[in-house]
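Chemist: Spelled out, the chains give:
2 protein chains.
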Amino acid sequence: MLKRMGRYTIAFETRPRITGYGSVAGKKEAQGPLGNNFDKLFYDAYMGQKTFEKAESLLQREAVLFALKRSCLKSEDVDFIFAGDLLNQCIGSSFGVKDFNIPYLGQYGACSTMAQGLIMAAVMVESGAANRAACVTSSHFCTAERQYRLPLEYGGQRTPTSQWTVTGSGCCVLENQGKAPFVSKATVGRIADFGVSDLNNMGAAMAPAASNTIIDFFRDTDTKPCDYDMIFTGDLGYVGSKCLYELLEREGYDISRNHKDCGLMIFDRKNQDVHSGGSGCGCAASVLCSTILPEMIDGEFNNILFVATGALMSPTSAGQGESIPAVAHLVNIRYNQHF
Amino acid sequence: MLKRMGRYTIAFETRPRITGYGSVAGKKEAQGPLGNNFDKLFYDAYMGQKTFEKAESLLQREAVLFALKRSCLKSEDVDFIFAGDLLNQCIGSSFGVKDFNIPYLGQYGACSTMAQGLIMAAVMVESGAANRAACVTSSHFCTAERQYRLPLEYGGQRTPTSQWTVTGSGCCVLENQGKAPFVSKATVGRIADFGVSDLNNMGAAMAPAASNTIIDFFRDTDTKPCDYDMIFTGDLGYVGSKCLYELLEREGYDISRNHKDCGLMIFDRKNQDVHSGGSGCGCAASVLCSTILPEMIDGEFNNILFVATGALMSPTSAGQGESIPAVAHLVNIRYNQHF
Numbered sequence: 048m049l050k051r052m053g054r055y056t057i058a059f060e061t062r063p064r065i066t067g068y069g070s071v072a073g074k075k076e077a078q079g080p081l082g083n084n085f086d087k088l089f090y091d092a093y094m095g096q097k098t099f100e101k102a103e104s105l106l107q108r109e110a111v112l113f114a115l116k117r118s119c120l121k122s123e124d125v126d127f128i129f130a131g132d133l134l135n136q137c138i139g140s141s142f143g144v145k146d147f148n149i150p151y152l153g154q155y156g157a158c159s160t161m162a163q164g165l166i167m168a169a170v171m172v173e174s175g176a177a178n179r180a181a182c183v184t185s186s187h188f189c190t191a192e193r194q195y196r197l198p199l200e201y202g203g204q205r206t207p208t209s210q211w212t213v214t215g216s217g218c219c220v221l222e223n224q225g226k227a228p229f230v231s232k233a234t235v236g237r238i239a240d241f242g243v244s245d246l247n248n249m250g251a252a253m254a255p256a257a258s259n260t261i262i263d264f265f266r267d268t269d270t271k272p273c274d275y276d277m278i279f280t281g282d283l284g285y286v287g288s289k290c291l292y293e294l295l296e297r298e299g300y301d302i303s304r305n306h307k308d309c310g311l312m313i314f315d316r317k318n319q320d321v322h323s324g325g326s327g328c329g330c331a332a333s334v335l336c337s338t339i340l341p342e343m344i345d346g347e348f349n350n351i352l353f354v355a356t357g358a359l360m361s362p363t364s365a366g367q368g369e370s371i372p373a374v375a376h377l378v379n380i381r382y383n384q385h386f
Numbered sequence: 048m049l050k051r052m053g054r055y056t057i058a059f060e061t062r063p064r065i066t067g068y069g070s071v072a073g074k075k076e077a078q079g080p081l082g083n084n085f086d087k088l089f090y091d092a093y094m095g096q097k098t099f100e101k102a103e104s105l106l107q108r109e110a111v112l113f114a115l116k117r118s119c120l121k122s123e124d125v126d127f128i129f130a131g132d133l134l135n136q137c138i139g140s141s142f143g144v145k146d147f148n149i150p151y152l153g154q155y156g157a158c159s160t161m162a163q164g165l166i167m168a169a170v171m172v173e174s175g176a177a178n179r180a181a182c183v184t185s186s187h188f189c190t191a192e193r194q195y196r197l198p199l200e201y202g203g204q205r206t207p208t209s210q211w212t213v214t215g216s217g218c219c220v221l222e223n224q225g226k227a228p229f230v231s232k233a234t235v236g237r238i239a240d241f242g243v244s245d246l247n248n249m250g251a252a253m254a255p256a257a258s259n260t261i262i263d264f265f266r267d268t269d270t271k272p273c274d275y276d277m278i279f280t281g282d283l284g285y286v287g288s289k290c291l292y293e294l295l296e297r298e299g300y301d302i303s304r305n306h307k308d309c310g311l312m313i314f315d316r317k318n319q320d321v322h323s324g325g326s327g328c329g330c331a332a333s334v335l336c337s338t339i340l341p342e343m344i345d346g347e348f349n350n351i352l353f354v355a356t357g358a359l360m361s362p363t364s365a366g367q368g369e370s371i372p373a374v375a376h377l378v379n380i381r382y383n384q385h386f
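Listed in order, the protein sequences are those of chains A and U. Our numbering puts the first residue of the first sequence at 48, with every later residue one more than the last. Our numbering puts the first residue of the second sequence at 48, with every later residue one more than the last.
Where hints are given, some of them may not hold.
Identical chains blur together in the list; that is why a pair holds if it fits in one copy or across any two.
Stated by the list, open to error - Under the rule of at most 25 Å between Cα atoms (straight-line distance), these lysine to aspartate or glutamate pairs were calculated in the DMTMM-like manner:
| no. | residue 1 | residue 2 |
| --- | --- | --- |
| 1 | 97 | 245 |
| 2 | 307 | 240 |
| 3 | 50 | 124 |
| 4 | 121 | 267 |
| 5 | 50 | 60 |
| 6 | 50 | 301 |
| 7 | 226 | 146 |
| 8 | 50 | 347 |
| 9 | 271 | 60 |
| 10 | 226 | 267 |
| 11 | 289 | 274 |
| 12 | 87 | 60 |
| 13 | 87 | 293 |
| 14 | 121 | 240 |
| 15 | 101 | 240 |
| 16 | 97 | 240 |
| 17 | 101 | 245 |
For the record, the hints were derived by calculation from the structure and aren't laboratory data. In this text, all values refer to a predicted model and were calculated from it rather than measured experimentally.
Given only the sequences and the hints, what does the whole structure look like? Please build it.
Modeler: Laid out in structure tokens, this is it:
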């Protein structure tokens with residue numbers, strides 16, 4: 048059973064375990080600081096497919112296969128898969144996972160999708176609805192740029208606050224048994240809209256959502272930043288992380304000493320020309336499944352917060368002059384070698 | 048706790064109850080056979096908003112307000128809201144519900160979204176993760192036509208198999224107490240892709256998904272069509288319903304005597320020029336919340352299946368020559384006056 052803690056947080060009693068995880072990424076990610084951590088790297092943006100969209104679907108497919116392999120399961124062993132991505136109508140997911148024949152629940156949380164999928168999969172396992180559930184998400188630089196911004200051939204100048212969409216995917220498989228990192232608590236975010244409308248500054252648009260959800264969690268659980276080994280945000284980047292520190296400091300929380308942002312981990316900002324850092328659903332997902340979970344298993348962290356943020360706009364809403372609503376979901380993941 | 052039944056079905060033990068529901072619709076729906084059933088009707092496609100997209104968001108907002116009112120709840124009483132729609136990046140939902148300040152989980156199931164949201168909300172309530180959870184979805188003729196097909200001003204000829212996107216929205220609020228129709232069982236669908244690629248024949252693309260999910264449910268529960276007072280499909284329309292009958296007959300199931308399709312209920316095909324019937328996320332949602340649930344409470348049905356189907360393509364995937372993958376989710380809703 049699940050228990051509610053405070054106003055916004057849920058606690059998992061039987062510890063849904065992340066027994067499998069898989070990550071794949073592209074060339075720029077391969078050249079970044081985490082390049083050696085991914086299960087598979089694709090150096091060609093088309094990945095042998097006819098279109099970038101089909102390439103993105105292949106990213107999801109490969110991530111699922113690695114997660115299944117690591118959990119020693121076949122696709123027919125999985126009761127539900129939660130999948131989502133940034134493409135219109137989430138075609139990266141529907142075409143990416145359709146051949147697995149797993150009951151499918153499409154999610155849309157923009158770049159918060161990995162945290163959302165983790166929460167939903169954990170709820171299914173904890174409640175008895177599933178013995179095993181998976182979640183997967185992806186992004187691809189070439190599909191995102193041409194859908195959200197400009198044709199790739201245009202070669203437009205990027206502003207300093209802009210972020211670089213990660214080409215990558217991450218998948219987790221959760222089960223109700225085994226020795227593995229487990230989902231301990233979670234906070235589902237409310238939509239925050241502070242009126243930011245600069246499409247080249249997603250970090251600033253998403254920081255208030257991250258701040259709200261983190262504060263909700265600390266209050267609900269009566270804990271503070273230093274109670275956690277590390278607080279990982281999804282893809283706030285350099286600008287968004289600074290905004291988050293300021294917003295949290297106003298409420299008396301200092302996370303600057305144990306905070307990392309996946310968008311800053313995946314690229315070397317000095318040498319890779321990514322401006323404010325990485326972004327995209329695949330950013331938080333591929334960093335979680337390539338780096339964070341393996342580091343937990345290696346004993347580097349026992350108790351972390353994984354907070355993925357999403358900007359819930361579209362080119363249509365932006366073109367109509369609307370602001371950028373954002374959301375952030377938080378997952379408290381724990382692991383104890385001796386447990 | 049939830050129990051698994053057979054391979055694909057889940058059973059709810061404590062009967063998550065649909066204590067509130069709300070429905071709104073547009074002018075064409077007002078002129079249809081269910082016109083008197085909706086909570087509110089908008090005769091202007093803009094609904095006083097600057098854009099059709101903002102009008103669609105207003106549809107969701109109004110449906111949520113009616114559902115809250117009927118369940119005697121305020122928005123702050125609701126622990127989670129599951130919302131989704133057909134617009135790119137689901138902006139109908141994010142802009143529609145953001146001001147309610149309810150923890151938000153965006154869903155993408157195309158026209159299957161109402162069934163998906165109902166299942167997710169029921170799981171949250173059953174598992175103890177929520178005391179109350181809501182689900183909402185919408186569609187709008189003008190936003191869908193120009194996004195999926197052609198500019199409205201173009202006035203393109205429609206093929207006989209095409210369907211008419213419903214302008215409407217439906218919302219349900221679920222709680223773990225009270226006297227109301229309840230979610231008894233559910234089957235989450237797998238993605239079916241039979242290679243149909245005709246964008247003007249969604250019914251044929253979605254029928255195999257509906258057939259698979261209905262057969263999964265009958266096998267898992269060891270029941271047959273006549274065990275249910277009525278089987279409602281979402282928006283297969285005339286062509287898709289015929290396909291569904293054929294596919295089910297091959298497996299020995301005849302649902303033709305107790306089947307209704309929401310896409311055929313909402314419009315008068317003979318006099319409203321809608322060709323194969325209604326479609327869109329708002330079709331199944333608004334029919335459920337305006338007609339099916341009230342009829343259950345009036346004692347017309349005690350035990351129904353609500354099967355919403357979704358086509359998981361996008362204009363991009365269609366333009367790239369891909370087929371149309373589809374999914375269908377089934378919810379078994381029961382109500383007993385004397386229970």
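Chemist: What hints, given by number in increasing order, does this structure fail?
Modeler: 6, 7, 8, 10, 12, 13
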